[in-house]
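The residues making up each chain are set out below.
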Amino acid sequence: MAKQLTHLTIDGKTTDPMLSRRSAIQWVLGAVTAASLPGCTSGEPTSKVPPSQPPAGGPPDAAPIGQGQEDASRLATTRPVAGYGTDPNLVAFHKPGDIWPLTLSPAQKTAATALADVIFPKDNLGPAASEVNVPAMIDEWVSAPYPIQQADRAIILPGLDWIDIEANKRFKKPFADLADDQKTAICDDICDPIKAKKEFKTAAKFFIKFRGVAAGAYYATPPGWEAIGYVGNVALGSFDGPPEEVLKKLGVTQTVV
Amino acid sequence: MPTISPDKAKPEYDVIIVGSGAGGGQSAFTLTLAGLKCLMLEAGRSYDVVNETPMFHAPHQAPLGGVGTPDKPFGFHDATIDGGWQVPNEPYTSAHKQPHEEFQWWRARMMGGRTNHWGRISLRNGPYDFKPHSRDGLGFDWPVSYEDVEPYYTKVEMLIGVYGTNEGLENTPDSPPGVLLPAPKGRAAELLTQKHAKKVGVPVIPIHRAVLTRPLDWKTIPQKLYPGNKWAQGIVKEAMSDRGACFWATPCGRGCNVGANYQSTTVHLPPALATGNLDIIANAHCREVTMGKDGKATGVLFIDKTTGKEVEAKGKAVILAASACETVRILLNSAGGKGIANSSGLVGKYIMDTVGARLGGQIPALENIPPHNEDGAGGSHFYAPWWLYKEQLAGKLDFARGYHIEMGGSRHMPGGANPVSDDYTRGLYGTKLKEAARRYYGSFVGFSARGDMIPNADCYCELDPQVKDKWGVPVLRFHWKWSSHELNQAVHARKTFAAMIEAMGGTVRGDTNFTGPNSIEKPGSIIHEVGGALPGADPKKSVVNGFNQTWDVKNLFLNDGAPFATNADKNPTLTIMALAWRACDYIIEQAKQGTL
Numbered sequence: 001m002a003k004q005l006t007h008l009t010i011d012g013k014t015t016d017p018m019l020s021r022r023s024a025i026q027w028v029l030g031a032v033t034a035a036s037l038p039g040c041t042s043g044e045p046t047s048k049v050p051p052s053q054p055p056a057g058g059p060p061d062a063a064p065i066g067q068g069q070e071d072a073s074r075l076a077t078t079r080p081v082a083g084y085g086t087d088p089n090l091v092a093f094h095k096p097g098d099i100w101p102l103t104l105s106p107a108q109k110t111a112a113t114a115l116a117d118v119i120f121p122k123d124n125l126g127p128a129a130s131e132v133n134v135p136a137m138i139d140e141w142v143s144a145p146y147p148i149q150q151a152d153r154a155i156i157l158p159g160l161d162w163i164d165i166e167a168n169k170r171f172k173k174p175f176a177d178l179a180d181d182q183k184t185a186i187c188d189d190i191c192d193p194i195k196a197k198k199e200f201k202t203a204a205k206f207f208i209k210f211r212g213v214a215a216g217a218y219y220a221t222p223p224g225w226e227a228i229g230y231v232g233n234v235a236l237g238s239f240d241g242p243p244e245e246v247l248k249k250l251g252v253t254q255t256v257v
Numbered sequence: 258m259p260t261i262s263p264d265k266a267k268p269e270y271d272v273i274i275v276g277s278g279a280g281g282g283q284s285a286f287t288l289t290l291a292g293l294k295c296l297m298l299e300a301g302r303s304y305d306v307v308n309e310t311p312m313f314h315a316p317h318q319a320p321l322g323g324v325g326t327p328d329k330p331f332g333f334h335d336a337t338i339d340g341g342w343q344v345p346n347e348p349y350t351s352a353h354k355q356p357h358e359e360f361q362w363w364r365a366r367m368m369g370g371r372t373n374h375w376g377r378i379s380l381r382n383g384p385y386d387f388k389p390h391s392r393d394g395l396g397f398d399w400p401v402s403y404e405d406v407e408p409y410y411t412k413v414e415m416l417i418g419v420y421g422t423n424e425g426l427e428n429t430p431d432s433p434p435g436v437l438l439p440a441p442k443g444r445a446a447e448l449l450t451q452k453h454a455k456k457v458g459v460p461v462i463p464i465h466r467a468v469l470t471r472p473l474d475w476k477t478i479p480q481k482l483y484p485g486n487k488w489a490q491g492i493v494k495e496a497m498s499d500r501g502a503c504f505w506a507t508p509c510g511r512g513c514n515v516g517a518n519y520q521s522t523t524v525h526l527p528p529a530l531a532t533g534n535l536d537i538i539a540n541a542h543c544r545e546v547t548m549g550k551d552g553k554a555t556g557v558l559f560i561d562k563t564t565g566k567e568v569e570a571k572g573k574a575v576i577l578a579a580s581a582c583e584t585v586r587i588l589l590n591s592a593g594g595k596g597i598a599n600s601s602g603l604v605g606k607y608i609m610d611t612v613g614a615r616l617g618g619q620i621p622a623l624e625n626i627p628p629h630n631e632d633g634a635g636g637s638h639f640y641a642p643w644w645l646y647k648e649q650l651a652g653k654l655d656f657a658r659g660y661h662i663e664m665g666g667s668r669h670m671p672g673g674a675n676p677v678s679d680d681y682t683r684g685l686y687g688t689k690l691k692e693a694a695r696r697y698y699g700s701f702v703g704f705s706a707r708g709d710m711i712p713n714a715d716c717y718c719e720l721d722p723q724v725k726d727k728w729g730v731p732v733l734r735f736h737w738k739w740s741s742h743e744l745n746q747a748v749h750a751r752k753t754f755a756a757m758i759e760a761m762g763g764t765v766r767g768d769t770n771f772t773g774p775n776s777i778e779k780p781g782s783i784i785h786e787v788g789g790a791l792p793g794a795d796p797k798k799s800v801v802n803g804f805n806q807t808w809d810v811k812n813l814f815l816n817d818g819a820p821f822a823t824n825a826d827k828n829p830t831l832t833i834m835a836l837a838w839r840a841c842d843y844i845i846e847q848a849k850q851g852t853l
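Protein chains in written order, with this note's numbering: chain A, 1 to 257; chain B, 258 to 853.
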């Protein structure tokens, strides 16, 4: 079992659950604006453009972990977190926590699980997020040492703290312990980044970021594939193209005989 | 892949081949089947396609759902090992002044190089592409014509297996009857694009890709490749019958452990090894070509990365197939840093990438399509070849040369990255979000231009005066400047894509500010870098002749993308292989005459 880290360096600043809690409180006061959201790339062609382009001149160094911390005893047992490197084992089945330690606090994990299940509930389209390991995948994402994931961490961790603070403020309970309509009441205030009221703008940025990471995880699983309508990853004897009903719906004919 | 350690190498070989990708693989195949003793050096580690390829792995079985990271830019399950725009221990520098002119150099340090992960798009250069200067006065003509290379295109296609159709279109060559494998059926988005692109004049046809849509005809192809040579036929037959046909699942970029697509490690190297005439040393970082007093190459000096020691390998001839810019680097670092084969002063000059530009859209007609399997051949089935030759000749376009269009948009395997756009599901969560995800999945299309770049004097690489790699070898510094031809072409492409999307009843997504610098992808990002060793008919004005042979060093050949006079819109790999085969036939002839 990987040792839990509670400190990570992000953009040169150290964050930990306490710090993110302070950030969360600042959100309530409206004093902090979160980083802007990167653009969405769904539907782009299989272009050879990297998701992040490190500068020329040398590989980017992995962000140092745990520098300058007061808790020397913990530092002694933590290792610098690197990524999986340029030659990982591609055929192994990797689980969250196998390569770098997971870092959500128990409270954050509980809040993340509850929120992921509000966003991806069990319904006629498929299982709930927590039934297909989405919370652990989110934890893996925000614990990863890469720049994109570290930027997401800086939004998601304070957001998870905020949602418990908000739940306590409104209903005197942490988010995970709320009734469904209470959870919905909070989510309705933050789910739309454009329509959200001014005091919820930062929380709305958290929500859409969290939703994106959760969606990436949910649809990475075979039950997620079924939910979205992906059919494939099975060996076939022939490729027959779209079925007749699809061709008819589109008003096209198969042109390759 | 069986390899030997440096101490097991023979005292001398007929030919030393640096690099194991498309050019090196083809060279090893052709030479060893002619009985020449070859030593191949690969800078990366060996690689076992059968046991290292994650064929049916789902994204959730990879870290971060398999999304790309700085360690694995094309995603966790991509076949690339120790590769990317940055390679550990091997920096390079850039003298760019503008962000869109920052050259990015992709390398893969592994057996088979980047043939393991490439797109397998295998297009022949057309007759115009070999003589562009004669046609429009720009760039350079090749010393060879389409007719010179055509027999080798055919041989490569028969050997590696390429699917596609013959459409008889201008400067888009047909293959001889029976050479191409059957094209796979069109997918929903491809067929819809084909139908509506006609309205804006864009012809969408089956693409050519190196994937076996049926088993290779191992009963007759070996006889066609090696008439009268039973021994060679037997080896080729064995290798061909070992390859399975595509089973219509898993992306080709992961590699293929049944050998249904071309990669050097499954197609070129096994038969070359089976001849008994090939030794391969992995982790061999080539530093320079060693020279004799007679002005001929005597072999190469390489660093054994497992020990850090310098090792010399001797050969009667040397082939550099290290990838265009790495080959340039080896030439410039030879002779104590004075460089070799460079009396023209042109080594490193006129490097090119492919012009890239892209645009995506959302198509309502593709919403809520009944779920069905669209994995297909693990890559594109259709594309649009360049179609405006007549308009260009009439002076109606503000750029020379053209681009072809690649398309994406099928119901491919989701995972890792959010598969549904935030702007189409804003404000949604719960079952409503899941319903919207299902509705929009597969309704997004994307188009990419892959265009001709005209070589220019501002695009070159040289040795960086200060920076060295981990082993003390000077690195390359890149310079780049697009001309208006490339910038205007990128704008034209994106306007065309917008017209296609609108013709399909869709909405253009993303940035629609179509300026040149804003539209063109960064140089090197398409990973088609070629040039740096201009071929020509005049030794004063070129580095190599029409057989990839350097003018100055008669037993030194460059069998990768370096000896490209132009970079047509056709993806370069098939041409690299055809020219390498042709150069090797010339080497074999020289060896027979004892003039190597």
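The set of hints was computed from the structure by calculation and includes no laboratory data.
One thing to keep in mind: the hints can contain errors.
[What the hints assert, rightly or not] Going by beta-carbon spacing under 7 Å, a handful of chain A positions derived as facing chain B:
| id | residue |
| --- | --- |
| 1 | 93 |
| 2 | 97 |
| 3 | 105 |
| 4 | 119 |
| 5 | 146 |
| 6 | 150 |
| 7 | 154 |
| 8 | 215 |
| 9 | 217 |
| 10 | 220 |
| 11 | 234 |
| 12 | 236 |
| 13 | 246 |
| 14 | 256 |
[Unchecked claim] The calculated EDC-like cross-link candidates involving lysine to aspartate or glutamate, where the alpha carbons are at most 20 Å apart (straight line), are:
| id | chain 1 | residue 1 | chain 2 | residue 2 |
| --- | --- | --- | --- | --- |
| 15 | A | 201 | B | 561 |
| 16 | B | 562 | A | 87 |
| 17 | B | 689 | A | 188 |
| 18 | B | 689 | A | 87 |
| 19 | B | 725 | B | 495 |
All figures in this text were calculated on a predicted structure; none of them were measured in a lab.
All C-beta atoms, glycine included, are put in the ideal place defined by N, C-alpha and C.
Hints, verified against the model:
no.: 1; hint: 93; verdict: holds (4 Å)
no.: 2; hint: 97; verdict: violated (10 Å)
no.: 3; hint: 105; verdict: violated (21 Å)
no.: 4; hint: 119; verdict: holds (4 Å)
no.: 5; hint: 146; verdict: holds (5 Å)
no.: 6; hint: 150; verdict: violated (11 Å)
no.: 7; hint: 154; verdict: violated (17 Å)
no.: 8; hint: 215; verdict: holds (4 Å)
no.: 9; hint: 217; verdict: holds (6 Å)
no.: 10; hint: 220; verdict: holds (4 Å)
no.: 11; hint: 234; verdict: holds (6 Å)
no.: 12; hint: 236; verdict: holds (4 Å)
no.: 13; hint: 246; verdict: holds (6 Å)
no.: 14; hint: 256; verdict: holds (5 Å)
no.: 15; hint: A:201 x B:561; verdict: violated (57 Å)
no.: 16; hint: B:562 x A:87; verdict: holds (16 Å)
no.: 17; hint: B:689 x A:188; verdict: holds (13 Å)
no.: 18; hint: B:689 x A:87; verdict: violated (40 Å)
no.: 19; hint: B:725 x B:495; verdict: violated (44 Å)
Comparing the model with each numbered hint stated earlier shows that hints 2, 3, 6, 7, 15, 18 and 19 do not hold.
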